[in-house]
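Residue numbers (our numbering), protein chains in the order written: chain A, 1 to 283; chain B, 1 to 396; chain C, 1 to 429.
Treat the hints with caution; some may be incorrect.
To be verified - Each computed PhoX-like pair below joins lysine-lysine, with the alpha-carbon atoms no more than 25 Å apart:
#1 K96(C) <-> K132(C)
#2 K132(C) <-> K171(B)
#3 K273(B) <-> K208(B)
#4 K96(C) <-> K171(B)
#5 K162(A) <-> K226(A)
#6 K132(C) <-> K88(B)
#7 K88(B) <-> K89(C)
#8 K382(B) <-> K88(B)
#9 K382(B) <-> K140(C)
#10 K96(C) <-> K88(B)
#11 K69(C) <-> K88(B)
#12 K171(B) <-> K131(B)
#13 K88(B) <-> K140(C)
#14 K382(B) <-> K257(B)
#15 K216(B) <-> K171(B)
#16 K69(C) <-> K96(C)
#17 K226(A) <-> K132(C)
#18 K89(C) <-> K140(C)
#19 K382(B) <-> K132(C)
#20 K91(A) <-> K402(C)
In short, the hints are calculated from the structure, not lab data.
Since we're looking at a predicted model, the values are computed, not measured.
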Amino acid sequence: MSTPVQTYDADSGQAKSYTLASAPDETARQAALPPIIQVEHLSLFYGRHQALNDVTMQIPRQAVTAFIGPSGCGKSSLLRCFNRMNDFIPKTRVTGRVFFQNQDIYDQQINPIRLRRYIGMVFQRSNPFPQSIFDNVAFGLRLHRLGTPQEIGQQVEICLQKVGLWEEVKDRLKMNAVNLSGGQQQRLCLARAISINPQVLLMDEPASALDPVATAKIEELILNLKQDYTIVIVTHNMQQAGRVSDYTAFFYMGQLVEFDAKENIFSSPKEEATEAYINGRFG
Amino acid sequence: MFPIQSVAAKAVVLLLVTATGLAAQDQNVTIKGSDTMLVMNQQLAQEYMKEFPGTNIQVSGGGSGVGIAALRDNTTDIAAASRLIKPKEVQDFLVNVGSEPSRFSAALDGIAIFVNTGNPIQELTIDQLGKIFHGDYTNWNQLGGPDEEIDVYSRENTSGTYSYVKDEVLKGADYTTRAQTLPGTAAVYDAVSKDPKGIGYGGIGYNKGVKLVSIKSDPSSPSWLPTEENVESQVYPLSRSLNYYLNPRTTNQQAMKFIQWVASPAGQDVVVKSGYFGLPKVVAKADEKTTAPDSTSAPPPPPARPVAANPSQTSTKPTSGETASSPATAPAVIAPTALMPDPQLEPPAPPPLSLSEREARVLVREEAVALREAKVAEREEKLEAELAFLKTTKSK
Amino acid sequence: MNPTTTSLPELSRGTVLGFVPPQELEKELSVTLYERPGSYLENAIIRGITLISYSAIAAVLLIFIFIAKESLPVLLQQTDNSRSGLTMKPEDAVNKSPAELAVFLQLTESQVARLSPDVLQQLIVSRNEELKAGNSPDSKLNTTTWGMMFLPYQWEGYNMPVFIWQPIGNIEKYNVIPLIFGSLKITFIALLFAMPLSLMAATYVSQLARPETREVIKPFIELLAGVPSVVLGFLGLTGLSVLLGPLHIFDSHYTPLNALVAGMALALAVIPVIFTIAEDAITAVPVTHKRAALAIGATNWHATMRVVVPAAMPGIFAAVVLGFARAIGETMVVLLASGNAATLDLSIFQSARTLTATIAAELNEAAQDSAHYHILFFIGTMLFFITFLGNILADIILQRLKSRLEGSTAAEAHRLAEQAETQLGSSVV
Ligand SMILES: Nc1ncnc2c1ncn2[C@@H]1O[C@H](COP(=O)(O)OP(=O)(O)O)[C@@H](O)[C@H]1O
Ligand SMILES: [Mg+2]
Numbered sequence: 001m002s003t004p005v006q007t008y009d010a011d012s013g014q015a016k017s018y019t020l021a022s023a024p025d026e027t028a029r030q031a032a033l034p035p036i037i038q039v040e041h042l043s044l045f046y047g048r049h050q051a052l053n054d055v056t057m058q059i060p061r062q063a064v065t066a067f068i069g070p071s072g073c074g075k076s077s078l079l080r081c082f083n084r085m086n087d088f089i090p091k092t093r094v095t096g097r098v099f100f101q102n103q104d105i106y107d108q109q110i111n112p113i114r115l116r117r118y119i120g121m122v123f124q125r126s127n128p129f130p131q132s133i134f135d136n137v138a139f140g141l142r143l144h145r146l147g148t149p150q151e152i153g154q155q156v157e158i159c160l161q162k163v164g165l166w167e168e169v170k171d172r173l174k175m176n177a178v179n180l181s182g183g184q185q186q187r188l189c190l191a192r193a194i195s196i197n198p199q200v201l202l203m204d205e206p207a208s209a210l211d212p213v214a215t216a217k218i219e220e221l222i223l224n225l226k227q228d229y230t231i232v233i234v235t236h237n238m239q240q241a242g243r244v245s246d247y248t249a250f251f252y253m254g255q256l257v258e259f260d261a262k263e264n265i266f267s268s269p270k271e272e273a274t275e276a277y278i279n280g281r282f283g
Numbered sequence: 001m002f003p004i005q006s007v008a009a010k011a012v013v014l015l016l017v018t019a020t021g022l023a024a025q026d027q028n029v030t031i032k033g034s035d036t037m038l039v040m041n042q043q044l045a046q047e048y049m050k051e052f053p054g055t056n057i058q059v060s061g062g063g064s065g066v067g068i069a070a071l072r073d074n075t076t077d078i079a080a081a082s083r084l085i086k087p088k089e090v091q092d093f094l095v096n097v098g099s100e101p102s103r104f105s106a107a108l109d110g111i112a113i114f115v116n117t118g119n120p121i122q123e124l125t126i127d128q129l130g131k132i133f134h135g136d137y138t139n140w141n142q143l144g145g146p147d148e149e150i151d152v153y154s155r156e157n158t159s160g161t162y163s164y165v166k167d168e169v170l171k172g173a174d175y176t177t178r179a180q181t182l183p184g185t186a187a188v189y190d191a192v193s194k195d196p197k198g199i200g201y202g203g204i205g206y207n208k209g210v211k212l213v214s215i216k217s218d219p220s221s222p223s224w225l226p227t228e229e230n231v232e233s234q235v236y237p238l239s240r241s242l243n244y245y246l247n248p249r250t251t252n253q254q255a256m257k258f259i260q261w262v263a264s265p266a267g268q269d270v271v272v273k274s275g276y277f278g279l280p281k282v283v284a285k286a287d288e289k290t291t292a293p294d295s296t297s298a299p300p301p302p303p304a305r306p307v308a309a310n311p312s313q314t315s316t317k318p319t320s321g322e323t324a325s326s327p328a329t330a331p332a333v334i335a336p337t338a339l340m341p342d343p344q345l346e347p348p349a350p351p352p353l354s355l356s357e358r359e360a361r362v363l364v365r366e367e368a369v370a371l372r373e374a375k376v377a378e379r380e381e382k383l384e385a386e387l388a389f390l391k392t393t394k395s396k
Numbered sequence: 001m002n003p004t005t006t007s008l009p010e011l012s013r014g015t016v017l018g019f020v021p022p023q024e025l026e027k028e029l030s031v032t033l034y035e036r037p038g039s040y041l042e043n044a045i046i047r048g049i050t051l052i053s054y055s056a057i058a059a060v061l062l063i064f065i066f067i068a069k070e071s072l073p074v075l076l077q078q079t080d081n082s083r084s085g086l087t088m089k090p091e092d093a094v095n096k097s098p099a100e101l102a103v104f105l106q107l108t109e110s111q112v113a114r115l116s117p118d119v120l121q122q123l124i125v126s127r128n129e130e131l132k133a134g135n136s137p138d139s140k141l142n143t144t145t146w147g148m149m150f151l152p153y154q155w156e157g158y159n160m161p162v163f164i165w166q167p168i169g170n171i172e173k174y175n176v177i178p179l180i181f182g183s184l185k186i187t188f189i190a191l192l193f194a195m196p197l198s199l200m201a202a203t204y205v206s207q208l209a210r211p212e213t214r215e216v217i218k219p220f221i222e223l224l225a226g227v228p229s230v231v232l233g234f235l236g237l238t239g240l241s242v243l244l245g246p247l248h249i250f251d252s253h254y255t256p257l258n259a260l261v262a263g264m265a266l267a268l269a270v271i272p273v274i275f276t277i278a279e280d281a282i283t284a285v286p287v288t289h290k291r292a293a294l295a296i297g298a299t300n301w302h303a304t305m306r307v308v309v310p311a312a313m314p315g316i317f318a319a320v321v322l323g324f325a326r327a328i329g330e331t332m333v334v335l336l337a338s339g340n341a342a343t344l345d346l347s348i349f350q351s352a353r354t355l356t357a358t359i360a361a362e363l364n365e366a367a368q369d370s371a372h373y374h375i376l377f378f379i380g381t382m383l384f385f386i387t388f389l390g391n392i393l394a395d396i397i398l399q400r401l402k403s404r405l406e407g408s409t410a411a412e413a414h415r416l417a418e419q420a421e422t423q424l425g426s427s428v429v
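In isolation and in its complexed conformation, chain A is listed as follows (with noise of 0.2 Å):
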């Protein structure tokens, strides 16, 4: 039960900054790392409107960061800090820093094309590009100009069995990916974030629109895929956040009001709001 965070980050860890003296035992593995993220003091303008009020916090790596929050309160605005997706929104402003193993992303001397190339990420809505599934998997590849094309292809198959498409689709793989069913098509979404291998994927509620039977399957995907991959998962669905889960962040109205390993979240919260919100009293 050390805290390793606390001694990786001496030099900022002031205000609100989360140690995870009380995590469990499992857990205790992914706590000794360091972490990937770091999040200091960050705050996120939409024009006058203020969507994130001074967050600080830290993304453990090879675990599952579940953020959870009633709607509007800010989780998909952080996500998209962590790979500068926010840039494509016009007025936006950002304040505070954000380190990925640590380098400062909002360094005016990053490129964040590179950024996206090591941090993944999955859309509440699946986007398939309307090409055939080989096409989709292989994209990345291709355009980062990752192996021959025979090495392509193993990926290809790779991955799409690291999502349990493989079995569904190895025939048809020149299909038009559209034509696939809604679980299948936010799974080949899954497949193609990481046929590059990134260090962290980030997800934004990715079973939102899903049947529960296309939701679990996502869910057990996830619960493979921390094995190699860092996972910041969105989700409004607490059952969700318990189930996939290492740690996980409770925002209300833009900022961070707790974060700690999920079975401390779940079952003794510090903060009212948290305890509140987990037992369906808001939001």
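With chain A's structure known, arrange chains B and C with the ligands on it following the hints.
The following block gives chains B and C with the ligands in isolation, referenced to the frame of chain A:
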């Protein structure tokens, strides 16, 4: 004559305008300008090329103003114009070229006034016509016709005919704003042939499917139809000359030869065949009496003079009020027709000078002749002065 | 930098494509994150495309500058075609200063300086002639002032102030109001025909027609766009004018070539423009909208008219605006079919003269640098401004329409979408 022809002609004109480049070598002559004269010019060119193989005459249209502008820009040898050169254009030439282009009449054209064949109107005075075109008369019953509105058809205001009618019929007043302007003379004939209430004007060469109206200068004088006889004798009040303007800078012998050929009987035959009227024969007759100009002021080689008649100095003063103001003070309205001598060429017949439009409105043939001779005398003096001027500039 | 980064465990991976071992990640990031975005070629192409896009602005500006330059003498009110009737004796030329001569001859001083005395005398004679032509008191007027061009004036021979465009003659009359009126009148008639027809056709082809019908109709309407306007004008001149002849019973002043004939012929030119864009806009409405309506029992007609067409409104509006621009700029059709009489009559059965037809008919003959020439270019400038203002107005209306249809701000739209998704999601889980 359907409008399609005028449209087609426009298209041809456009093609030609783009196709013809700069004036070419000696055997090539380019003629550009009046759309009214386009068909006639084409036929003249064809006939001429048949008669003188090896020559090449390129004809294009675009309008009198376009022709004169091309002449100024030295991109054509001859400009065809259904009107006289305007003072502005003369000044343009003087500023840019240093001299004026010389004018030669090629044919006479009667401006016909016509109504629908169903219209009982037989004759109109110039004054009545003016009131119709101005919009004072709006119903045919004001002129003894049926109780119907008058539809006035006109040409585009860039047309030489438009200006002619505005000057000669409207006496400078405006056309009624209700006058419909149509693209081309043929279109006006066509529209009037279909419209029982219509009245229009246009060159006689396009006459088809309408009823021509006899015109009289004033209520007491006899009325005239634009027949060949009446136009050539210039008793028809609305006749004008169709002109060639020769590029003052051209060294092209062939251009002058062509102009002289047009005035010859052979050329005039073609003119008549193409629907226009030949130059007045009375002038041609006077031509025969021509003697050499006073050699005291003229340079030794007497020029092939475009001014044909050498009248007796006893000619009567012009009687018409219109004509009284024109001479002496108005040398620029009609360009002085100084012409370079052409030693190699024996002109078939020197091109005669026709009367200016305003002056041609003379009632009877004799008066026309008399007036003509008076005009020519004045022209003669002017020419001599011109030659003297040329001599001095040459000796410089 | 940090001692703990070295103690990272090995990860199990099926393949190494794109895999960066944790130990090397920081080192790699410190290089790759600072690379410039895109390849040189990519950036060069983007720069090229940017340049080309901006050159469109340059092209429009250059066109405008060219037209405005030629109309500058009118815009600055430097043209003066009044004639004092005061002449100058040709013999006096030598005594006059170049400046005086330049004013008298309406030339520049440098032009005057180049002329020989003889030519100068001829020029003065010619100019005298010009100045003396016509003795109406109106000849002392400068007819190119703003007042003369836009306000009525009682010319000699008229018993009330009138708007007259008659630029040829002794007194050049340059009132442009009848031309503006004619342009608007014919454009209005053309849109009156073209708008309903093309929008109905677009709706039908996009939503109501069976696919086979659609495949037949669409190309035919689009083929109409390829018909040269001179052919349409000709059709109006010879076909429509005869066909509509019987309508003369409605107006005693009926003229066979009139605004109605021109407007209908013009509509044929405008229909494919509006149709093509409107059809695209209607087809672009997500099929889910229509399904939603069908799902609550709407007929195909209802779903189309109540849901799909309203959703496509901004696109339809844009189509109409482009149709307007086409109509007001069209030249050949109106030149041939409108009768070109510069009247101010409201009757659709009477002739009208448009701005464009006036330029087309008269520019050929207007002597360069004459008042007429500059005023024709001034008309061109006006046309430019009319379309420009029309576009701006359309843009404003378009923005309003869009925000009304899509929510006033993006944030609000976002919130609404978020809410809907939340509800959808929680009802599933
Ligand atoms: N593109 C945007 N433009 C303006 N405001 C936005 C935008 N995206 C989100 N917001 C606002 O920011 C706040 C946080 O949004 P978001 O992060 O999407 O919430 P959630 O926690 O539901 O994902 C909300 O109030 C939302 O309205
Ligand atoms: Mg969200």
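Subject >> Numbers of the earlier hints that this structure fails to satisfy, in rising order >> reply: The structure breaks hints 4, 9, 16, 17; every other hint is satisfied.
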